[in-house]
Structure formats: C-alpha cells, structure tokens
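Each chain, letter by letter, is given below.
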Amino acid sequence: TQLLEQSPQFLSIQEGENLTVYCNSSSVFSSLQWYRQEPGEGPVLLVTVVTGGEVKKLKRLTFQFGDARKDSSLHITAAQPGDTGLYLCAGTMIAGGTSYGKLTFGQGTILTVHP
Amino acid sequence: EAGVAQSPRYKIIEKRQSVAFWCNPISGHATLYWYQQILGQGPKLLIQFQNNGVVDDSQLPKDRFSAERLKGVDSTLKIQPAKLEDSAVYLCASSRGDFAEAFFGQGTRLTVV
Numbered sequence: 001t002q003l004l005e006q007s008p009q010f011l012s013i014q015e016g017e018n019l020t021v022y023c024n025s026s027s028v029f030s031s032l033q034w035y036r037q038e039p040g041e042g043p044v045l046l047v048t049v050v051t052g053g054e055v056k057k058l059k060r061l062t063f064q065f066g067d068a069r070k071d072s073s074l075h076i077t078a079a080q081p082g083d084t085g086l087y088l089c090a091g092t093m094i095a096g097g098t099s100y101g102k103l104t105f106g107q108g109t110i111l112t113v114h115p
Numbered sequence: 001e002a003g004v005a006q007s008p009r010y011k012i013i014e015k016r017q018s019v020a021f022w023c024n025p026i027s028g029h030a031t032l033y034w035y036q037q038i039l040g041q042g043p044k045l046l047i048q049f050q051n052n053g054v055v056d057d058s059q060l061p062k063d064r065f066s067a068e069r070l071k072g073v074d075s076t077l078k079i080q081p082a083k084l085e086d087s088a089v090y091l092c093a094s095s096r097g098d099f100a101e102a103f104f105g106q107g108t109r110l111t112v113v
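Residue numbers (my numbering), protein chains in the order written: chain A, 1 to 115; chain B, 1 to 113.
Don't take every hint at face value.
With a cut-off of at most 20 Å between alpha-carbon atoms, the simulated SDA-like pairs for lysine to any residue come out as follows [to be verified]: (1) LYS11(B) x ALA88(B); (2) LYS70(A) x ASP57(B); (3) LYS44(B) x GLY40(A); (4) LYS44(B) x PRO8(A); (5) LYS44(B) x VAL44(A); (6) LYS70(A) x GLU15(A); (7) LYS44(B) x SER31(A); (8) LYS44(B) x GLU5(A); (9) LYS44(B) x ARG36(A); (10) LYS56(A) x SER30(A); (11) LYS11(B) x GLY40(A); (12) LYS44(B) x HIS75(A); (13) LYS44(B) x GLN80(A); (14) LYS56(A) x ALA100(B); (15) LYS70(A) x GLN107(A); (16) LYS44(B) x LEU86(A); (17) LYS11(B) x GLU41(A); (18) LYS57(A) x ARG36(A); (19) LYS56(A) x GLU101(B); (20) LYS44(B) x GLN107(A); (21) LYS44(B) x SER7(A); (22) LYS44(B) x PRO39(A); (23) LYS44(B) x SER30(A); (24) LYS56(A) x PHE99(B); (25) LYS44(B) x ASP57(B); (26) LYS57(A) x ASP71(A); (27) LYS44(B) x LYS57(A); (28) LYS57(A) x VAL44(A); (29) LYS44(B) x LEU3(A); (30) LYS11(B) x VAL112(B); (31) LYS44(B) x GLU38(A); (32) LYS44(B) x GLY85(A); (33) LYS57(A) x SER26(A).
To be clear, the hints were calculated from the coordinates, so they are not data collected in a lab. Since we're looking at a predicted model, the values are computed, not measured.
Bound conformation, chain A alone:
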C-alpha cells in the first residue's frame, strides 16, 4: 500500500501546454516536498510546503499544500522540453514509536514534454 498516491503516473504533452500533478494521502504530513529527478541523477529538491493551504511559486511551477496537509499539487504553466523528468512528492511524518520525522515518497510522475 502506497502512503502517497501520485497521479498521473505518466504524462506526455506538447510544449506550451499546462499540466497538474497530484499527490494524495489519507495521512497528515508535517511537511511535503516536491523533487525532480533526471536519468542517472538523484532527486533534486524543488520546494517544501509546511502550512496547510500554502501556495508557493517557482517561475512557471506552482505548488499547493492542501488545507488538511494530506495532499498537494504541482502545476506547470507553458511546459518546456527542459521540464521533462520524474517528479516526486515526498511527505514527512513522525516515524512510528519515535519522535523523529520520516520522509516517504510517492511513486512518481514521469513527464515528457515534446518540442
């Protein structure tokens, strides 16, 4: 059972189109992070959202954290071929039986933007 469900798993679009990736859970997270990963590389952090309802913008990327801190979305405006990659959401929650945070990933969304 996946703690964080991402959708869609695959997205193939044309340059200039808009898209939204969703990250959903039945659990509450202390924070949620979005990463982008290119082939042969480790994930690179794009943004961290902490407060329920928070919206953050990074150029053409808009990130939103749900009011209940259980879900998040990533919206890309006017996608470009350079946006191609694997997009991962990851949530931090308390590890069972401890007071430590545990970072858990969704299964990822593979985005392909065609010129």
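With chain A's structure known, arrange chain B on it following the hints.
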C-alpha cells in the same frame, strides 16, 4: 558546500555475491537515509539514521541487507547474498535534521545477473 558523495556509481554482480555501497553525507547533517529506487518508481526508504542511531529500518530486508553509520558520519549499505530483484539504484540522502530538507547523492546503480 559539497554534496552527498556515493560510490561506486555502477556495480554489476552475480546473484548470491555480496556488495557494499558507501555514502559520505553533507558535513554537519545529522540525518542520513538509504533508499532503494526501482526504475521509473519512487524511492523506497530502507533505513534512516539520526547521528549513528537507527530511527527506522522497517523496510530493510534484514536477512540480507545491513547498514551502519560509524561515528555518525559516513555510512555503508551491504547486501549479502544478492538476489536478482535487488537490481535497482541505491540512493543516499542527508539532512540537517529529520524534518529538514533532504539532499541526495547521484546513487549507485546495481545490476544483479
């Protein structure tokens, strides 16, 4: 600041052999993670250290996988004996604290034949 260093980048071994991966986290980062990532999927947490203590290893196949973080700095992940299904990228990440942002190394791609 230097990033998370991992070695080797690639490793090919036969099933039933053993293999070890090494990770040097960002200086001063107390939390260290090892993840397993199957091609095209999200990383799966294997083990999390806070300094040199284990916080979570619930998804570590302890009959064949082991990890240690001596002196709370470098870490090694070992697989013995390897199975075909262990073929994956093994990622190491570190953060200042368990609720802080995690920074990843480039990973080690393991192929078991």
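Violations among the numbered hints: 2, 6, 12, 13, 27 and 33
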